[in-house]
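Quick mapping for you: the protein sequence lines, in order, are chains A and B. Following the working numbering, the residues of the first sequence are numbered contiguously, the last one being 229. Following the working numbering, the residues of the second sequence are numbered contiguously, the last one being 579.
Simulated from the structure, these hints should not be mistaken for laboratory data. Every clue listed holds true.
In silico DSS-like pairs for lysine-lysine, Cα to Cα no more than 25 Å straight-line:
hint, chain 1, residue 1, chain 2, residue 2
1, B, Lys129, B, Lys140
2, B, Lys198, A, Lys91
3, A, Lys91, B, Lys213
4, B, Lys465, B, Lys369
5, B, Lys71, B, Lys138
6, B, Lys335, B, Lys397
7, B, Lys140, A, Lys91
8, B, Lys138, A, Lys91
9, B, Lys377, B, Lys527
10, A, Lys91, B, Lys132
11, B, Lys140, B, Lys118
12, B, Lys91, B, Lys140
13, B, Lys364, B, Lys465
14, B, Lys140, B, Lys71
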Amino acid sequence: MSALPVTAPARPRRSPQPDATPRRHLEVAPTRAQRRARPRLLPAVITIGGIGVILLAQLLLSIVLADGAYQISSLQTQKHNAVLQQHALSETLDLYNSPQHLAANAEALGMVASGNAVYLDASTGAVTGTGTAAGGSLLGAGDQVSNVLLDGSMIVTAQAPTTTTTTTKTSAAGSGPTSGSSATSSSGASQASTDTGTGGAGQAPLTPGLLPSPTTH
Amino acid sequence: MPTFRVSRRRLALTIFGVFAVMALFVVRLVDIQLVQAEELTKQASVRQNASVVTYGTRGSIVDTNGVVLADSVDRFDITASPKIALLYIDGFTRKNADGTTTKVSLTDAISQIANITGSDPQALYAALTKDATSDYVNLVKAVKLIVFNKVKALNIPWLSSEPHPTRTYPNGAVAGNLVGFVGTDGPQAGTELKQDSCLAGTNGTSTFEKSADNVRLPGSTVVTKPATDGGTVTLTIDSNLQWFAQQAVANQAQAVGAAWGTAMVVRVGDGHIMADADYPSVDPNDRNSVDRYSLGARSFTTPYEPGSIMKPATVSGLVDAGIVTAATPVDVPGRFTDGLPAGSYIKDAFAHGDMHMTVAGVIMNSSNIGIAELTKLQSEKDRYANLIKFGLGSKSSVGFLGEAAGTVKTPQQVDSITTVTQQFGQGMTATSAQVASLYQTIGNDGKKVPLTLVQSCTASDGTVTYPTTGATTQVVKASTAQSVREMMETVTTQGSLRNLINIPGHRIAAKSGTAQVADGNGYGKDYIVSVAGLIPADKPQYAVIVTLAKPATIKTSAAAAPAYATIMKQVIKTFRIQPSTTAAPFVPVAW
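Construct the complete structure from the given sequences, taking the supplied hints into account.
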């Protein structure tokens, strides 16, 4: 840019020279090359405008990118939180899935272990195996397999007073599957009163110790 | 043309000036980009690059059905900056969700944290004010996500947090003896330690440029080293059966006052350990729940004199060598003294005069004298080789942490009494696992398949590797194993424990053991009692072995029999073993 002011003052010096001649109104017709060399407005506007547009687009693009970065960041946080949530939930689920929890809940609901398995051959109708009475309480004197992660609050019917009597009765009868039939019938009866099933469902649990097993053949 | 020269000089000056400036820039550029590059990059990265450790999660341990036995869980440490907290000594202004603000004093904030985390507010206050210049104090350790989120919602400006991944055992003591546990310094016991190479994840690092508000600049992440999660170890254990077995063995051990007990269920076809219960058994969530001797699996680590439960091994050797059959008559006197030092004798658990037993009868009556008489028929070397072939005296293929090999005395080491007694399980030692392996072999038609506890390791990329166990060996002929099982069936049908161990509808080959425990001054009053069984006897699928040590109230194998029967019934239910359709063959026990 500094070149312009240097050449500009030179012009007035040159101009007095043509004043000496009478043909002052004559001008040198520019050659084609000179005409072509003359700066043209349109391309300049287009070029500068183009650069402007590109710069603007770049600016907008980086604004959008930066905005996207925040969005990615926030979504990643969301995802991370969701993963943490999922971990926490599956941790709880695994705990609920533990045998100690299932057994305690099953017995709190009045369920007892089954007796011997008996098989029915569907093609011949033959029954194999020797059935026995229901096995009574599995937990007996309590769960021997400790799990400090579980607490009593996870038992579904922990508030029902009948469940505690069941446990003590069974523990008094000792361990083993053959001892719990008297204790389990009481829990079964208490369960039947709370569980008003439809049809004959309410009848069956009354005598779970004597549940019909297909050994009559 | 002086003016032209002037303008040309000016132009030259200008161009020179421009180039001089450019040259300066280039020099500076080279200086910055090349000479000082390293130093500057370092300075910059400290200011705007964040390097984070990405954690590889430790893999989980699951049972054969995919039930999680050990898992890594997220916990969070609540940390604080006392320096900043004391700036807010008069409290801070909390912006509520509805746009209002509340002034919260320091003590209020502390009591709110204490409330949520269930910690002592006094202790928190003391920790915060202990060193006012400190920028870091760990207030509450390892809180769960739900607690952490509540604390975060308090919006306390001087609180921060850090992840504290930890290990949880959702099934508690179920298989706790096998799973082991991880301490603060890494895995310490059981499968956690043994399979650490599969379970351990490797932490990675990633760096990125951050903005002033710590947001990652787009496209700037450079993962220096990716984190890899640990693999999943699948055990052969069935967690439900394991729980049942632990429950049964614990109940019975307490009922008879036993010091410890083990129960194993082995699938005879492939040697998979379906359940391996120990009493007492550690809850890996609470290492202090048992004494330090009960932190592992006694079934692998504690050898004992197994007693009569070894007799089928001896008889197998004799039958396999073609020396005897089930019906071979044996003269069983009231005492055995042949070849023993003067004054020594071997007797049976019950007093009797001269008896006429068959080999099957020796098994059924569990006669020590009968086995002693039979040892005369086979060389010391062959009898020793037979016990070794069954895997006695060497560690099982499981290679459990601290596993014992047990001892069988070689013909060179053995004395005149032990050469006889170790044929019925006294004067030699074995672990519960070795006894289980013996019964697996007899149940699997003489083919000893190495016991397996770890089924597979599934890496985080999904590739599954199976641990190498030893080769399957044919210890005795299939016909030998079948013959021995038929002899053992008489224990269930006619033996003294028949009322305790017989399960109607099922043919079961069983053997009991009542072994005296040596206490330094010879044999004392304590016994280790056991019952082993194979179901179904004609084509065994599962072996069940229950052992109780030093029962106080009942000092015979009748102490172990109820737990054995309970577990056997559960095995029938769990694996849907159908009742036998054929009757047990007639095997004469006397002549």
